[in-house]
Amino acid sequence: MTMRSEHRTDLDPARVVRDSYGALAEVVRPLGDEESWLPTDCTGWAVRDLVFHLLGDAQRALVALHTPAVEQPDRNAVTYWRDWAPDPVGAAHGRRWNRVAGSMFLDFAQLKESYLETAEATATAAATADPRRPVRTQGHVLTAGDLLTTLGVEATVHHLDLTVSLADAPGPSPAGLAAVRATLDGLLGHPVPSAWSDEHYARAATGRTGLTDDERQALGPDADRFPLFS
Numbered sequence: 719m720t721m722r723s724e725h726r727t728d729l730d731p732a733r734v735v736r737d738s739y740g741a742l743a744e745v746v747r748p749l750g751d752e753e754s755w756l757p758t759d760c761t762g763w764a765v766r767d768l769v770f771h772l773l774g775d776a777q778r779a780l781v782a783l784h785t786p787a788v789e790q791p792d793r794n795a796v797t798y799w800r801d802w803a804p805d806p807v808g809a810a811h812g813r814r815w816n817r818v819a820g821s822m823f824l825d826f827a828q829l830k831e832s833y834l835e836t837a838e839a840t841a842t843a844a845a846t847a848d849p850r851r852p853v854r855t856q857g858h859v860l861t862a863g864d865l866l867t868t869l870g871v872e873a874t875v876h877h878l879d880l881t882v883s884l885a886d887a888p889g890p891s892p893a894g895l896a897a898v899r900a901t902l903d904g905l906l907g908h909p910v911p912s913a914w915s916d917e918h919y920a921r922a923a924t925g926r927t928g929l930t931d932d933e934r935q936a937l938g939p940d941a942d943r944f945p946l947f948s
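First residue of the sequence shown? That's 719 in our numbering, and the numbers climb one at a time after it.
Don't take each hint at face value.
Claimed, not checked - The calculated label-pair distances, taken between Cβ atoms and stated as ranges, are: (1) Leu756 to Ser832: 35 to 43 Å; (2) Thr761 to Gly857: 38 to 46 Å; (3) Ala819 to Glu789: 26 to 34 Å; (4) Pro888 to Asp730: 15 to 23 Å; (5) Ala936 to Ser832: 37 to 45 Å; (6) Arg800 to Pro892: 24 to 32 Å; (7) Ala819 to Asp751: 12 to 20 Å; (8) Pro911 to Gln777: 15 to 23 Å; (9) Gly907 to Arg813: 26 to 34 Å; (10) Thr761 to Ala845: 19 to 27 Å; (11) Gly938 to Arg747: 38 to 46 Å.
Since the hints were made in silico from the structure, they are not lab data. Please read all numbers here as calculations on a predicted model, not as lab measurements. We treat Cβ as the ideally placed atom computed from N, Cα and C, and that holds for glycine.
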């Protein structure tokens, strides 16, 4: 099912993380070893590779939420993504590292349980975090609330990646999709001038799917700015 959320700027960051991580957990929990080898929408990654990447995101979230900063934030929930421009060489290195590191889990069940436990801990930490407190992650300072929004956005985009070969899997949370749309509109500078579903907007704006000629015409000069991040 596809949907289009309203442009939202009042989303509760803790709820975005809780709902987006919870929706992902519902996808990951029933997976067995056979499903773990299915392809995803992340180039070169099977399901198990992406789950290992998601584990790293949840671990980074826990560290960041417990790493207060004294400096003022230099990024927010939108500008954070401007550092993640397409970089074919860096992306290839990242894909290779993730696949090699993730292969150390010989039993997918171990990786799955580690991810589920860590994701649940992250959602719990998010619920008690002061959204105004500056925290540090990946060389930048954000408020905890903005950090949480970025985590929900990444989880939701990867939810779409994870389920391309899992036809019966539940979709992303409405709160996560709304956060993705608000972030993409923020990067674009205005709402996308098209009646795209949240899912299609997420895929098109992050380079998962190309723009059609009609979409390029509707976007006008903004079409050359896609993907907005990857």
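Structure-based check of all given hints:
{"no.": "1", "hint": "Leu756 to Ser832: 35 to 43 Å", "in the structure": "violated (20 Å)"}
{"no.": "2", "hint": "Thr761 to Gly857: 38 to 46 Å", "in the structure": "violated (25 Å)"}
{"no.": "3", "hint": "Ala819 to Glu789: 26 to 34 Å", "in the structure": "holds (31 Å)"}
{"no.": "4", "hint": "Pro888 to Asp730: 15 to 23 Å", "in the structure": "holds (21 Å)"}
{"no.": "5", "hint": "Ala936 to Ser832: 37 to 45 Å", "in the structure": "holds (43 Å)"}
{"no.": "6", "hint": "Arg800 to Pro892: 24 to 32 Å", "in the structure": "holds (26 Å)"}
{"no.": "7", "hint": "Ala819 to Asp751: 12 to 20 Å", "in the structure": "holds (18 Å)"}
{"no.": "8", "hint": "Pro911 to Gln777: 15 to 23 Å", "in the structure": "violated (38 Å)"}
{"no.": "9", "hint": "Gly907 to Arg813: 26 to 34 Å", "in the structure": "holds (30 Å)"}
{"no.": "10", "hint": "Thr761 to Ala845: 19 to 27 Å", "in the structure": "violated (34 Å)"}
{"no.": "11", "hint": "Gly938 to Arg747: 38 to 46 Å", "in the structure": "holds (43 Å)"}
Violated hints, in rising order: 1, 2, 8, 10; the structure is consistent with all others.
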